[in-house]
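S.K.: Just so you know, the sequences run in chain order R and H. Sequential numbering of the first sequence, starting at 1, is according to the working numbering. Sequential numbering of the second sequence, starting at 284, is according to the working numbering.
Calculated directly from the structure, the hints in this document are not laboratory data. Idealized CB from N, CA, C, for every residue including glycine. Warning: the hint list may mix true and false statements.
What the hints assert, rightly or not - Some chain H residues judged to face chain R by a derived CB distance under 8 angstroms, without partners named:
hint, residue
1, 345
2, 349
3, 351
4, 430
5, 438
6, 440
Stated by the list, open to error - Derived coverage of chain H by chain R (criterion: at least 3 residues anywhere in the stretch with Cβ under 8 angstroms from a Cβ of chain R; other residues may be distant):
hint, segment
7, 291–301
8, 316–329
9, 392–401
10, 407–418
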Amino acid sequence: MTTPSGMSGSGGGPLLPPGDDDLHAYVDRQLSPERQAEVERWLSGDGDAASRAAFFARLNAELHRRYDHVLAEPIPAEFLPLPTERRRRADRRGPGLRSFAIAASWLIAGLFAGWSTHSLLMPPKVIERVVEIPGPAPTLALQAAAAHAVYTPEVRHPVEVRADEAHLTRWLSNRMGKPIKAPILDDSGWRLMGGRLLPVAETGPAGPVACQFMYEHADGSRVTLYMKSVDGAEPSAFRFAQEREGMGVLYWMDAKLGYALTGKLPKEDLKILARKIYDQFNS
Amino acid sequence: MSKPAEDHPIVAQIPHLRRYARALLGDRTMAEDLVQDSLERAWSRFHLWREGSNLRTWLFTIMHNLHANLARNASRRPQTAPLDEDFAVPVRADQEDRLEVAALDDALSRLPDEQRQVVLLVGLEEMSYQEAAVTLGIPVGTVMSRLHRGRERLRDMLMGAAGAGGGLRRVK
Numbered sequence: 001m002t003t004p005s006g007m008s009g010s011g012g013g014p015l016l017p018p019g020d021d022d023l024h025a026y027v028d029r030q031l032s033p034e035r036q037a038e039v040e041r042w043l044s045g046d047g048d049a050a051s052r053a054a055f056f057a058r059l060n061a062e063l064h065r066r067y068d069h070v071l072a073e074p075i076p077a078e079f080l081p082l083p084t085e086r087r088r089r090a091d092r093r094g095p096g097l098r099s100f101a102i103a104a105s106w107l108i109a110g111l112f113a114g115w116s117t118h119s120l121l122m123p124p125k126v127i128e129r130v131v132e133i134p135g136p137a138p139t140l141a142l143q144a145a146a147a148h149a150v151y152t153p154e155v156r157h158p159v160e161v162r163a164d165e166a167h168l169t170r171w172l173s174n175r176m177g178k179p180i181k182a183p184i185l186d187d188s189g190w191r192l193m194g195g196r197l198l199p200v201a202e203t204g205p206a207g208p209v210a211c212q213f214m215y216e217h218a219d220g221s222r223v224t225l226y227m228k229s230v231d232g233a234e235p236s237a238f239r240f241a242q243e244r245e246g247m248g249v250l251y252w253m254d255a256k257l258g259y260a261l262t263g264k265l266p267k268e269d270l271k272i273l274a275r276k277i278y279d280q281f282n283s
Numbered sequence: 284m285s286k287p288a289e290d291h292p293i294v295a296q297i298p299h300l301r302r303y304a305r306a307l308l309g310d311r312t313m314a315e316d317l318v319q320d321s322l323e324r325a326w327s328r329f330h331l332w333r334e335g336s337n338l339r340t341w342l343f344t345i346m347h348n349l350h351a352n353l354a355r356n357a358s359r360r361p362q363t364a365p366l367d368e369d370f371a372v373p374v375r376a377d378q379e380d381r382l383e384v385a386a387l388d389d390a391l392s393r394l395p396d397e398q399r400q401v402v403l404l405v406g407l408e409e410m411s412y413q414e415a416a417v418t419l420g421i422p423v424g425t426v427m428s429r430l431h432r433g434r435e436r437l438r439d440m441l442m443g444a445a446g447a448g449g450g451l452r453r454v455k
């Protein structure tokens, strides 16, 4: 590669004509404002360079689209130090206020860097209270209840892909076209069995697929979490629909997905689980 | 898990280490193993980190070194398929201005490690070229040339014969 230019020309000396390094630094926003303007002038007169810059920018955006969901995954305990190690380290470092202040500033910087650039992952907070809507339940709840009724009685094939297969969420994320997580509800006594892909009768830009995760309790009862693309929807509060035979559906939406948790559980119990699911998608 | 560990500055970086590892290795299990190994090392050596220096590049350097060891060991074995079959299944034809997920994964996995590292540290982790250079222990000029070669190569693979306008060739 032949790049005669000085990247991120921070003044000092005449600017060289823009080259490949500038193209990258332009895309990565690492140029000084003067150099930025100069590169823009160059790009406006050079179609080939402009189309390469456009691809590089698009590539960065696609990398985020593909991998940003990882940022929201809950941090497993194995990633944290053992309590004894932590204590030893604290002793060694001493209780200095300074180290605490630096630690705190790093945390804030980290959070800021993490969330400010990826605000898409942070839908507005769902309102805590559960709203009961009179009249027939909306499509989301009906579809979820139907899928629940079909698959939960299955003995041999309750799920399509088992929870212990590493590609479960990756596969569903690919097919749904957005990050899908399988919430962990073990501490509430619900073990993830696995999941499946489901068709949706309606078509739209979001694509005609939904998915379902199934959870089982030690007593054999099952709940399902149904998710469907709802691109650009208004985030909603938790809502509850009472279906036949004591089956309840608690459902809500964020900007990307509609969620419906279905099971023969009291509304309050569903709400506790839904809250945990919501938190795991937004942690 | 008590509060102190969660408030630790390392913890704020964990999501970024995971995201980078996932993209670098293209495999969740391998990536999580690499992150866990890196964190074990980081926690046990945190007393060596100089306060006020860049914690992010310190952590990414630890991971880079472990990954380099991994890659060295792996190169002695025959190469296995980088991704499982499910992953290569094409997803729906998306809007034209989006790269197909499978094609992007595939193209990334075909880049030499040294180019993929730079493309991801800069493009995904949004490191400055200087930070990427520190992380990888190479001069900034080398960062630039690897970045250029990596991105041009991805462009060849992803834009391919179909040319501009989003007609992305399936690279298999």
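S.K.: Run every hint past the structure and note whether it holds.
M.R.: So, going through the hints one by one against the coordinates:
With a least beta-carbon distance of about 13 angstroms to chain R, the hint placing residue 345 of chain H at the interface is violated under the 8 angstroms criterion. Taking 8 angstroms as the C-beta cut-off, the interface hint given for residue 349 of chain H is violated, the closest approach to chain R being about 14 angstroms. Interface restraint check for residue 351 of chain H: the shortest CB-CB distance to chain R comes to about 21 angstroms, outside 8 angstroms, so the restraint is violated. Interface restraint check for residue 430 of chain H: the shortest CB-CB distance to chain R comes to about 6 angstroms, inside 8 angstroms, so the restraint holds.
Checking residue 438 of chain H against chain R: minimum C-beta separation of about 5 angstroms stays under 8 angstroms; hint holds. Hint status for residue 440 of chain H relative to chain R: violated, with the closest Cβ pair at about 11 angstroms, above 8 angstroms. Three residues within the 8 angstroms Cβ limit are the bar, and the segment 291–301 of chain H against chain R gives 9, so the coverage statement holds. Coverage of the segment 316–329 of chain H by chain R holds [criterion: at least 3 residues with CB-CB distance below 8 angstroms; count 6].
Coverage of a stretch by a chain is defined here by at least three residues with a beta carbon nearer than 8 angstroms to that chain's beta carbons; for the segment 392–401 of chain H and chain R the count is 0, and the condition is violated. Chain R is given as covering the segment 407–418 of chain H, and this holds because 4 residues of the stretch bring a CB closer than 8 angstroms to a CB of that chain, at least three being needed.
The structure is inconsistent with the numbered hints 1, 2, 3, 6 and 9, although it conforms to all the rest.
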